[in-house]
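A.B. asks: Since each chain sits alone in its own frame, please combine them into the complex, following the hints.
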Amino acid sequence: MKINKILIANRGEIALRILRTCKEMNIRSTVVYSDIDRTSLHVLYAEEAYSIGAPLSSESYLRIDKIIDVAKTASVDAIHPGYGFLSENAEFAEAVANNNMLFIGPSPETIKTLGDKTKAKSLASSCGVNSVPGASEPIDSLQSALETAEEIGFPVLLKAASGGGGKGMRIVNDSSAMEEMLRIASSEAESSFGDSRIFIEKYISCPHHIEFQILADTHGNTVHLGDRECSVQRRYQKIMEESPSPFITDEVRSKMGAHAVEIMKAAKYTGAGTVEFLVNSDMDYYFLEVNTRLQVEHTVTEMRTGIDLVKEQIRIAEGNELSFTQEEIMFTGHAIECRITSEDTSNDFLPTTGRIRSLCEPGGPGIRIDSGVRQGSEMSPYYDPLMSKLIVWGRNRSESIARCDRALSEYVISGLPTSIPFCKKVLKHNSFLEGNYDTTLSDSLMKNVAPADHDPERTAAAIGAAAYKVDSKPKNFSNGNSTNDNASAWKRSGRESSLR
Amino acid sequence: MKYFCKINEHEFQLSVNHETDEIRVHGTKETADIDLVKIDGGLYHLLLENKSYLISVSNTNMYFRASIGGEEYNVEIEDNINRLKSKYGEKAEDVNNLGKVHSPMPGLVVHIYVSVGDEVQLNTPLLALEAMKMENEIISPANGKITDISVTTGQNISAETLLMTIE
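Quick mapping for you: the protein sequence lines, in order, are chains X and R.
Heads up: the first sequence begins at 1 in this note's numbering, then just goes up one per residue.
Heads up: the second sequence begins at 501 in this note's numbering, then just goes up one per residue.
Same shape as in the complex, but just chain R (with noise of 0.2 Å):
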């Protein structure tokens, strides 16, 4: 499998053979004496022609994120599958997702300014999420007319929950 890695600006390509356990580097030096251990769920040590990284990973809704040394990488990958796919477009559901707002992070909800039917602007303050102790306002991304309300308040949510639905 190849796997396409961007970091800030710079993209490389990862072969990994799932059968012999290999992984050859292109994009960078030619050379890569590679030797990678997992010592736990999410935290690797990597041997890389001898100089040592202990590499922890953590994954978020767009990317990887590698800490090395208390510095963070974000990591943006593709397999081939997966770039062939986006090649070739799959983009409808990203149009119908535009009304639908969704919480950025996980909370209480305490407060929701609004009701079904309601004319917003973009920016009027839909609902408040209280997480660790700091109320934060969702805002609305467009203007339009809510058509729907998926929590209510006093319930906990996760991140990325479907809040409200605006056509």
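One chain only, chain X, in its complex shape (with noise of 0.2 Å):
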């Protein structure tokens, strides 16, 4: 069936992202929005666009009833769904089907079987690959939890049972530390998810993670679009992926590649997915989970293979056949990408909000720029902290290395702190560079990276910060000459040396 419309149920970059490739394969399309969201990029960009209501998610983006009354009030074939919100929710899905549209994504049917954990794990076994271990059932008290992790020794990880995302996770060092940590792990996963449950797993220590990206269609051909390594995260959650994975040999990436496929064959999957894997130092991988939609990171992919995600996403729903086969993937060069967020990464990886004040993006040879905000865009404590993603390619792993260095120095983003200069001390800490890293990185770095300390640079810090707070006063008290603001009270030179 062609597709003639779709509605695309997310906000920020993604919605921007599957907006342009409907542009590019003449689908018309709508969005939705919540009432912050009616400026945001999305929207301004929009063919069309329906009001869904209040800010927090849960009235508005996770809202089944309003986004289906979109769909049909705007006669749509399909709904993408993006990720997260309702983008792994099987009850969204059916009702999509229930309403004979088209959802952009797997069965209902999968979802759940990917969704419930257990099954997902006897499904990977079933085709010859290890789970982290771990207690098969939700906990159910205190005791429980304390004497599973005995029983497979501590650390252990306490995680939501429809959990994603790094949400509702936790790590639990000692049996002191039991009590508080399951009491966070399940309201952190009761909010976010409408659902408390927790399982609890052994911690593997210094563990990289590696997923591989899976396309299948609905004639029974499935394939992989390569792996993605995305050890370097905060609060358990990516930061910066790159691709293919510079610690893994091509041997195991092969037989992790067969084995994603097989997974995602005996699940009987459809669409584009992720089979996710936890690797430790000696090269021994566990299934984690499948994704069952577009990840973030989905570009780095994009950038390797030259293949648009989304397009083919597409054009599976549609029930074409894949136009390519495995062989026929071709990988060229590496890809990175740095998710540029609103977070204070010199203060814990805190969440900010604020005003974009002025905004300068990067170009040039190699650089792609998948952004949801613009110069004036608030950020709001309601979503996700993600503004932008700068994804880079090049050559081989060091082009792609200096490649972004050179890019984040060209991002600027006034008015509140970002990931930026995080990002590049990731780009400089030796480990990373010799491509030998796993998920403690960014802890070993905020505790040993001294901050920036450049001469002539610091200098410029210090004229800067001090024109800004001149700037800043209140100007009720100048001698009336009303200024333009645009033009600064701080044009001007001194020499020194002249002056004495």
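It is worth saying that the hints were derived from the structure and are not from the lab.
Do not rely on the hints blindly, as some may be mistaken.
Claimed, not checked - Partial chain X-side listing against chain R, Cβ under 10 Å, derived:
(1) Leu56
(2) Thr148
(3) Glu150
(4) Leu350
(5) Arg355
(6) Cys360
(7) Tyr382
(8) Pro385
(9) Asp405
(10) Glu410
(11) Pro451
(12) Arg458
Keep in mind the model is a prediction, meaning the values are calculated, not measured.
Even glycine gets a Cβ: it sits at the ideal position worked out from N, Cα and C.
C.D. replies: Shown next as structure tokens:
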């Protein structure tokens, strides 16, 4: 069935990302927005936009009823859920189907099976892939949590049953911390996913997080589009990703890829999805989970393969066969993604809110920016702090690292702290440069890397900060010369030697 | 006006003549040829002896933060008026603030674990704040008794909002 019109049930950069492919494919599109997003980029660029309620996600982007109503009013053929929000919600996928529209993603049954961690693990084990040791049932009491932890050994990881993205996840190092961590994890799981059940498993120390991008059509063809190393994380959430992983050997890579395909075939998967693995320092890999949606970091795969994953998702939903085989997928060069978030990386990654006062984006060879913000955009506490993604491509890893560093230097966002300085520090860190880093990189970076301290920059920073301080003072005591706000009172030069 | 700047462990002094728009830098190398233009709110371009710096500045409660080429410098600035003030002390305020718990970030109050009259210990969880989908527990900064709770569950608060008072 040819899709003529799509509703994009998301916001921010991913809504724009999907919108762009729709336009290229000559497919009409509709977006939805909450009250606070009236002037967000995805609405400004939309063909059609419908208001769906208050800023709180539970009042807007998570409201299945409202989104289905809009889809019917706008007469769309299909709904693309993006990532987050309703993207892995089987009930939503079912509601879409029941209203005779296509859900761009796998079937509700597949979402349910793979969303159930126990079932997903047994599926993986039927394909010969081990999972991380842990209890097969959710924790029912503090006592049972402590018993399981003793059995598999501390440290253990608490994980939300229907979780993802690091929410409802905590490491417990010894029995004394169990009660508090269990309370926080389950409360966070309840408010993020409406499901407070928590699983417990062995925490693998110094692990690598490596995943495979899968595409599967409805005709039984399943391929992988290579791996992504996602071990630069904070709060168990990814912040930088690269492809290919610099850590695993090609032999391990091809074994993992074949296993990923096998698992997705066993799950009767259709569409784009990701099989995630934890890899220890001996390159033993464990099945982690399947993400039944497009991922934030799908872009690095697109850079290396030249394949537009959103386009493939739409083609698969239309019932088309994949237009390439595994052997025909060509991997070229190396790609890195930096998530540009509104977080204070020098203050424990606390999320920050505020308005983007000015914005200059990088450009030049090998640079791609997928952004959801513009100058004047307001970062609110209602949604994820992701502002944009900087994706770079280079012929090899060292070229893409140099390019990434250069692009980050060009990227100016003023008005609120961002993850840019953190990403720059990662690119300069020895273990990153050597390609031998694991998920503990960000902790060691925060502890051991001194703040930037170059001499002329220091002076420049002081002058800039002092100018800002003067400019932000109330001007009502001035002598009546109303000055143009854009022409700074600091447009001046002075030569100290000639003044003395 | 004189400005006393501190970055990492380095201190130096800027003098600004607000009538002639001249800046002089003390405590660095002798000569500084300075051409500063404001590009936009919080964005400046500086030619310092013809070397080019694009500086974006934001304000935290503690200091100014200047980013140059993707790297950050935290700048503490005191002007001569404030320096005089702190010299003669205005410390009484700080003492009264000991038992006031403020929010470290903007967010949504999702749980309040304590009630007025409760005795709490250092590090007792007081409330949970959700920001950007993550829950963060705010813990008690001291041993004492809750005498006032200034927020309610479901309330959206900005950074530095007074949450509770402990005596």
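A.B. asks: Please go over all the hints and tell whether each is borne out by the structure.
C.D. replies: Going down the list of hints, with the structure as the test:
1. Leu56: holds, 8 Å
2. Thr148: Because about 23 Å separates Thr148 of chain X from the closest Cβ in chain R, which is outside the 10 Å limit, the hint is violated.
3. Glu150: violated, 25 Å
4. Leu350: At 5 Å from the nearest chain R Cβ, Leu350 of chain X passes the 10 Å test, so the hint holds.
5. Arg355: holds, 9 Å
6. Cys360: holds, 8 Å
7. Tyr382: Hint holds; Tyr382 of chain X Cβ to chain R Cβ min 8 Å, cut 10 Å.
8. Pro385: At about 5 Å, which falls below the 10 Å cut-off, the nearest Cβ of chain R leaves the hint on Pro385 of chain X intact, so it holds.
9. Asp405: Asp405 of chain X check passes; min Cβ-Cβ to chain R is 8 Å, inside 10 Å.
10. Glu410: Interface hint status for Glu410 of chain X: holds (8 Å vs cutoff 10 Å).
11. Pro451: holds, 6 Å
12. Arg458: Arg458 of chain X check passes; min Cβ-Cβ to chain R is 5 Å, inside 10 Å.
The structure is inconsistent with the numbered hints 2, 3, although it conforms to all the rest.
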